[in-house]
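Participant: Residue numbers (numbering that gives the first Met the number 0), protein chains in the order written: chain S, 0 to 522; chain D, 0 to 331.
Please keep in mind that the hints were generated in silico from the structure rather than gathered at the bench.
Ideal placement from N, C-alpha and C gives every residue a C-beta, glycine not left out.
Where hints are given, some of them may not hold.
Covered stretches of chain D (in silico footprint by chain S; criterion: 3 or more residues with CB under 8 Å from a CB of chain S, positions within the stretch not fixed) [said to hold, decoys possible]:
(1) 141-153
(2) 240-252
Sample of chain D residues with no beta-carbon within 10 Å of chain S, all distances over it, derived [stated by the list, open to error]:
(3) Val36
(4) Leu43
(5) Asn75
(6) Asp134
(7) Asn157
(8) Ala163
(9) Val167
(10) Ala173
(11) Arg203
(12) His210
(13) Asp268
(14) Arg278
(15) Asn291
(16) Thr297
(17) Glu299
(18) Asp326
Quick list of simulated restraints, FRET-style, between CB atoms [stated by the list, open to error]:
(19) D/Ser323 / S/Asp305: 27 to 37 Å
(20) S/Ala272 / D/Leu206: 33 to 43 Å
(21) S/Leu120 / D/Ala256: 28 to 38 Å
(22) D/Gly330 / S/Asp305: 40 to 50 Å
(23) S/Gly56 / D/Lys138: 40 to 50 Å
(24) D/Ser323 / S/Arg294: 40 to 50 Å
(25) S/Thr269 / D/Gly312: 38 to 48 Å
(26) S/Asp322 / D/Asp326: 42 to 52 Å
(27) D/Gly312 / S/Leu22: 42 to 52 Å
(28) S/Asp322 / D/Asp209: 46 to 56 Å
(29) S/Cys276 / D/Ser323: 27 to 37 Å
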Amino acid sequence: MTGIASHTVRPGHAGLTAALGLLILLLIWETGARALSDSYILAAPSEVLVWLRDNRGLMARALTQTLTNAAMGFAAGNLAAIALAGVALVWPGAQRTIMGLALLVFCLPLVATGPILRVLLGPGNGPQIWLAALAVYYTTLIPLLVGLRAAPSVWLDLIRSYGRGRGAELIYVRARAALPYLFAGLQIATPAAFLGAMVGEFTGAERGMGVLTTRFIRAMDVPAVWALASVAAAVSILAYAAIGWLAKAVLRDKPPIILALPPARSAHGTRDALLVCVLALLLWWGLMQGLGLSRFFAKRPGDVFDALFLAPDAAETRMVLLDALIQTIIYVVPGYLAGLALGAGLAVLLILAPALAAVAMPVAVALRSVPIVTTAPLIVLALGRGALGTTTLVAIMVFFPSFVACLHGLRQAPGQIMDVFDSYAAGPISRLIHVRIPAMLPAFFAAARMSVPAAILAVTVIEWLATGRGIGSLMALSASLSDYDMLWASVVAVALLSVLCHAAVAMLERRVLRVFAAEQAVT
Amino acid sequence: MTLTSWTRRRMMATGGAGLAALPLGLRPLRVAAQTTVNLQLSWLHSVQFAGSYIAQERGFWRDAGLEVSLMQGGPNAPVEPPVVSGNALVGISAADYTAAAVAEGAPFKIIGVAMQKNPFAIASLPANPVAVPADLMGKRIGMALANTPVLQALCSLNDVDIDAIEIVPTQYSAQPLMAAEVDCLLCWETDLPVAMAIQGIEARTMLMADHGYALHSQTYIATEDSLANRRADLVALMAGEVRGWDAYRADTDAAVALTLAMFPDAGLDQPTQKLQAERQVPLMFSDLTDRNGFGSWTDEAVAANIETLALLGRDVMPDLWDRSILDEVHGR
């Protein structure tokens, strides 16, 4: 009885729970803001509404600007991800290389790419659109590749028995199997695109919500800062819900059972890694040369090598870099694990108690879409600038992809197996343990992989804003002092750290998925 | 500010501009064809750059055959890359950033100094004030760790033990001071204290420039290449700046009104802009600029700057400053 009741919530009942939940949330926010009114960090919803009413013209113009850039970046980034996934599938030999390069590009810190994009694209919206696109393509590519493999081998056998090739396989089987994962990627991308466009405005844009946020934080106009945050969150929540609605309308079939033989282990790991390194260096050098970027701020691989190994002060440079890197690693590992656990835990909680979704979902999207410059002071006040505060901030910046991917993964529990559990009247916990979590594992590991660069980038932002230590702080300092050798050396260090952590996660993933989802193992 | 000094400055400005226009007039091509150049600002649009807005609005540049577009700065928009790349003919920097860039191989010269006095200040609350550098001892100061050399320099100049100060890394906002997370802030005289005043809290500020921290700020930088090959454009641009800033000083309220009108989407409000406009006047104008015109500097000032820069770990030669453009502007 309890089992049935818990997974068939009546719509009217759910709506009521949702409304009640949101009301409680607003009340907590209002009371909290009033209690904290002396510390100038949080505005109450009532103050936010008043500000929005008085400044609706300004807000509407800024929103139009930022939303347009975010939408263009969203479209461009996701199309690029789909194209890359298509290439990787049609040409499996290139997959590792594509993934490796995609990871490296995703690792590039804003403090290095922003000024270059501005110089290349000039005044206008170029950098905002590019940074929005760069913020989304990786988190779509990874789930998409998982989804493209999430097809039962019998379906593929059927295509082959008709004598059709890879193209037909891609269109008729894999694309359909990938749809749920694509929607997960698109949902992860919505707040990221908006935030990317806002942060892109920090590179010297004329107008938009990021410009206003910068302005109002300095002016200590707390209602204005939270009005911007609320609008950013509301827009992201709406876009997220719209994609969720679209996914529901499109994905009618129950997820299939996927069975596949574990493949043999690839012998080309080292060769592929080397290829990625060589290609990355060539791209780095070639792009900077080809675009004619000044050596003053666009350092080539050779310049970084010089600075790290040949220059008279090379030893000191290495020391500074290593010091910063170690400080970063100390924070990144707990932050990453906490974010991953928070995301997966929240997803599991929502499957067990779907009524919570109406409250938890908007909060989750809001946390991802509000610039951390707005929320960081609040968390610093509550938890301090030490390990706890930093870890929490990183977890907040990281948990979202893992939450969304896991939620989609949990819903990939095969229909037939769920039917069997239905017939035995199995409870939600045993479904979770025996069906949903194994079905979630590919999505979980996709999330674990895409969270690696996200966590490292998050730590660098926190270091710059709150702790003033580590590689994030070093990069900001280097940029302001025109020490572009150090900046690019830091970029390389961040990239290497991401790649190493990524490799570690991937190794763990291979071991687990060989048992639970053999179709995912990359040969 | 007396009427005579105002009139004298105005005469000088118009006279200077007239002289500047003279050599340009000898090259009719220059005047006929408008040259387009960019001026890279160091931060978001505000009255901080109102002199440039006046120059643009009143056609000071257009008359000299120059079309100037003002590129806004931002938190992730360093000034040096666009100037090095030639995207911007001139950038607004500060002597310490310029010195750092030159040490990294950027061929920059300082061709004008908007802020004679450095705007860095220590802001505190009247109940627990920092009035002199010695008051810093035992206090918690909120600042970006990147600015530690600045604090170190202030301490060295005033025999204060920096280890007796607790540095708290904070975002650039007055919030930590208002929330009593820190006792004082390292900030600009013209931004965070202004924000506090608008919130109804009058901060105590100690201008670092009054305690030996001599460092030119809001400096105009250009590359050696531009100085050699684009002199006419540089002279026209700086002539417009000089006229614009003289007009700014003559009527800061008009400058504020223009700023608000030009950037309706920037989220600016009039009381903040007015207060900022007033507070930056004593940093930008002095007896020296009254005598020699906006943007100028003395050899003594350069020597003092070099001393401060040495404390910041920068070795600089006096030829980092190049007077030739301003000399042409002022017809010297």
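Participant: Are D/Ser323 and S/Asp305 spaced within 27 to 37 Å by their CB atoms?
Facilitator: holds (35 Å)
Participant: Between the beta carbons of S/Asp322 and D/Asp209, is the distance compatible with 46 to 56 Å?
Facilitator: violated (36 Å)
Participant: In terms of Cβ atoms, is chain S entirely out of 10 Å range of D/Asn75?
Facilitator: It is violated; D/Asn75 is separated from chain S by about 4 Å at its closest Cβ, not greater than 10 Å.
Participant: So D/Arg203 supposedly isn't at the interface. Is its beta-carbon more than 10 Å from every beta-carbon in chain S?
Facilitator: holds (17 Å)
Participant: Are there at least three residues in the stretch 141-153 of chain D whose beta carbon sits under 8 Å from a beta carbon of chain S?
Facilitator: With 3 residues in contact (Cβ-Cβ under 8 Å with chain S), the coverage given for the stretch 141-153 of chain D holds.
Participant: Could you say whether the range 42 to 52 Å given as a hint is met by the Cβ separation of D/Gly312 and S/Leu22?
Facilitator: Taking Cβ atoms as reference, D/Gly312 and S/Leu22 lie about 57 Å apart, which means the hint is violated.
Participant: Is the claim that D/Asp268 lies outside the interface with chain S correct, judged by CB distances over 10 Å?
Facilitator: Incorrect as stated: the minimum Cβ-Cβ distance to chain S is 8 Å, not above 10 Å.
Participant: Confirm or reject: D/Asn291 is not an interface residue toward chain S, with every Cβ-Cβ distance exceeding 10 Å.
Facilitator: holds (30 Å)
Participant: Evaluate the condition: distance from the CB of D/His210 to the nearest CB of chain S exceeds 10 Å.
Facilitator: For D/His210, whose nearest Cβ neighbour in chain S is about 23 Å away, the distance exceeds 10 Å, so it holds.
Participant: Measuring Cβ to Cβ, find out whether D/Glu299 lies farther than 10 Å from everything in chain S.
Facilitator: Holds, because the least Cβ-Cβ distance between D/Glu299 and chain S comes to about 27 Å, which exceeds 10 Å.
Participant: Could you see if the CB distance from S/Ala272 to D/Leu206 stays within 33 to 43 Å?
Facilitator: violated (56 Å)
Participant: Say whether it holds or is violated: D/Val36 keeps its Cβ farther than 10 Å from all Cβ of chain S.
Facilitator: The assertion about D/Val36 holds, with a minimum of 13 Å to chain S.
In the structure shown, a violation is registered for the earlier hints numbered 2, 4, 5, 9, 10, 13, 20, 24, 27, 28, 29, in ascending order.
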